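Since each chain comes alone in its own frame, lean on the hints to assemble the complex.
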Amino acid sequence: MRRRGRLFGKRFKLTFGGLLVLSAVLCALLAPLLAPFDPYQQDLLARLKPGFWSPHGATGHWLGTDNYGRDLLSRLIYGARLSILVGICSMLLSALIGSLAGMIAGLRGGATEQVIMRFADAQMAFPDILLAIMMVAALGGNALNLILVLGISRWMVYARMVFGLTRSLRQRPFVEAATLYGGGQFYLMWQHILPQVMPVLTVVATLQVAQMILQEPALSFLGLGLPPPAATWGNILAEGNTRLFAAPWIANLAGLAIIILVWGVNMLGNGLREQYDPQGIGR
Amino acid sequence: MIGYILRRLAFLPLTLMIVALATFIVLRLTGNPVDIFLDINRTPEQVAALTQRLHLDQPLPIQFLIFLRDLLHGDFGESLQFSGSAVAVVWQRVGATLQLAGAGLGLGLVVGVLGGIACAVRQDRAADVLISSIAVVGQSMPSFWLGILLIEFFALQLHWLPTSGYGDLRHLVLPAVTLAAILLPNFVLITRTAIIELMGEQFVVTGRSKGLSRARVLVTHILPNAVNPVLSFLGIQIGSLMAGSIITETIYAWPGVGRLLINSISHRDVPVVEASVFFIATMIALANLMVDVLQMLIDPRVHRA
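Chains Z and L are the protein sequences, given in the same order.
Going by this note's numbering, the residue at position 71 of the first sequence is 71; the numbering climbs one at a time, nothing skipped.
Going by this note's numbering, the residue at position 125 of the second sequence is 1125; the numbering climbs one at a time, nothing skipped.
Please note that the accuracy of each hint is not assured.
Claimed, not checked - With a cut-off of at most 20 Å between alpha-carbon atoms, the simulated DMTMM-like pairs for lysine to aspartate or glutamate come out as follows:
#	chain 1	residue 1	chain 2	residue 2
1	Z	Lys10	L	Glu1197
2	Z	Lys10	Z	Asp277
3	Z	Lys10	Z	Glu274
4	Z	Lys10	L	Asp1128
5	Z	Lys10	L	Asp1124
Source of the hints: derived by calculation from the structure; they are not laboratory data.
The structure displayed is predicted, hence computed values, not measured ones.
The shape of chain L in the complex, shown without the other chains (with noise of 0.2 Å):
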């Protein structure tokens, strides 16, 4: 087992490489960055500062070679937007970050596991059809549209909450419930699913021909084995669920890094823009693991094929 882990620890670095190349090749070999980077009315100075600190009149395998270097010392350079370095600023807003993306993805996965054992257990009865109906149609929804609706209802109309902005709860209720209506449809299906299938199996149908009640082959037969395809589920989700907070974020004026993310791509701040897509992307790598390592801990079969 812990032969696993570090074999997975070891292959994290080759993520990140490959995520740092990504975002090099995409950032550089797109265009000249300082066309796309300075506007019409850049000064020379501005021109020769930008081509020091991204290494321009080097070649660009030397180019990314110092890109990797100076990423080893987390050092992303100075952020152009704000005064600090790229890493701080970023690092500023990741407290904000995850503060949002837990509370979305704990109420997502909360609810959203509730409502698909709800529906498993009334199966194709009208509460099954009208939770997942609207699931459905959930996973149809264009993920800002909820948001500017939610808005519209309880900050505009109720005046119960407000529309946008970081501070007490009460700003982080509609933002949370947003991102969690991300993931909500994708966990009722899933655990839905995951239900329906083990109740076919033959130890659930021994639990109940021995005499158990549906409850107690729920609880003690069925729920343990469906965690597993649950959390795989959440693996792949983590994605979505960061993708989901950039949008929120911009909807609710959330101060994390998503927004700083979309915001610095609209000023131009290229080190923050690296330094950001690099927060994300660790994250998402990191979040994967920590599911591969509980999934593995709760079900070692799992991985020893």
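If we strip away everything but chain Z, and leave its shape as in the complex, we get (with noise of 0.2 Å):
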């Protein structure tokens, strides 16, 4: 059934964005397959080359070239590869921090909880993007700095979400006898927290891949990304930035990208939202 004010059903969201998001899965797994060139291979000879859309394309690169003579459908295809890595594993490490943190202040309360959830509010405050600039400019850029540095900068986000879960769960007779057995605190969390918040966790997880593959090119437009040649969408976007005049269609296809993967993302979560988080606790 429909509910009120959503627009498009859930079936809708749940298929339409789960297959943008697998296209640019196996895009990224296949990417030696399906890359025409070598994403890092120089042509001097064919700087800036359009694509299929001009005469003067030159032949062989679909999307045309870069201002090395790379192939931009190769690069971008690869690119897909470095984007979605730094989006899933930037995600995991901030889901693994953050429901650890959260699930531990909610069992434990007190003091313990005080000083989580009040460094966590603290942090909320503090823009992440501040954050990140500051850990890249002290740590160097890379692909592992990188996820890092995203990953810390939003685990907050779990920690709240997964202590007010675990907080009520706390109250409920199944934990209250699991712990009068005297289960520990891990095997609690484990047993019996985890799974209960495991749903909506699956939903902001999802929802914050998109915003960690968003922050990547964020990061790269201000020189803080991965350091040049690495095809990240990215780098593309802002080496397009400097030739915007001679060759547009770089930036353009290099944003097309990053939005079409984002919007599937974004719409694969807030289908599995309305399935699995109705009342919306995950907000």
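In structure tokens:
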């Protein structure tokens, strides 16, 4: 049944969003098979050539070439790899830190709760990009640091949600019974709390992947992403930005790739929310 | 009520303290600042100067206390790339940042709320589906790509507006629109949801059943109650507003604090980095405080619990 004021049905969102995400993931996994060229191979004789839409396009380069004559289609396909890798890994890291912190705060209460949750509140008031900027500036940009930085900058989103759920679960009979039987804290978390939190956690995590994928281009644009020549969508977009007049398609195609994937992930996440979290706890 | 404001004000130093700690940790504990902020061709004099300025010869807790003491005096040290103190350098850029943030927030809030009202009123009709779908796609858009598209179209193709820079009102248009566009989709969707949820409330049904027109119920019953959810969302969005203005200032070479920060990071100007981070964090804390107080003035029930 369709709820009032919800655009498109749940099934539409799950199917369409899922298909978009699936095709991006397939692109990433099969990149060596799909990409017509080596994404890092330069061809200085074929610099800034337009793609199939122009009669002046270089042969074989469907979407044209960039400033070093590298094939744009291949770079975009390989870019899906890095974007999805960074998005998923940083989501996993922040979900891990955040749900552990939230469960511990919720189960132990008292001073532990105060320290963890006030810290989360304070970081909530601090723009995540500012933290990311400072950390990348201090640590240097590589894939691992990027994942670390993005992961740490978002843990409190999960912590606050999991904390709220854990605190109400703690009062439930099955958790009290497990406590009375002498279940340790990690046993409680793993066996009783986590399974209950999982549906909402999945929804929030999916939507967070979209945020993480959007954060990488922002950092790349500010010169704080993966150093060139890494083929990330953010780098392609940032490089295209310096060639707007000669080759506007570089920036535009990279932007298009980002928007399609993020839109797909958002749609999938919203579909999952309507399926698993109809009351909107994880909002 | 005054008690609440005082209590919130008492939390402000605590928040700023945590910000100071975060700034300190990130800039010093992640490596030797001498290695991070001076390049390979550094002279021993530069190393000695930085060591002395940051008191690197002292143990870390002492360093933090010295950092806090200087902070209380509003002293972040002298800028390494400009002449003058870091605070003065940041202070010169504050006006431009406030101008851009104000214009962007104003535009985003007004257009977003109006769009949300339009959607809610025409719920599930063509106009709603169209505007809401654009908003959903807009949420997925990398903010600076929109900036790039606007430059391509209005500056490079049509030559209507300057591509970047700071000056008269014409320079403000594209940056303000870009910044507004970051906030707009969320405001449309939040306003829409808030109004649609209120439409099912009993006092709205009562209003309609005693013969008030739809427009009248909207203005007198629904909108006043929709102010609070939108305001609390505004509080959450202040961080995005500042993050957005860092990016927007960089796209359009707007001489504000955000661009100064990015610039100082690449020039390894530690005092200015610290001062601008601290300024941005203070702005966010103050704006959040203002939103909370405003919310309580409008609806005292919010904080009574």
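>> For a quick check of understanding: which of the numbered hints are violated here, in increasing order?
In response: none
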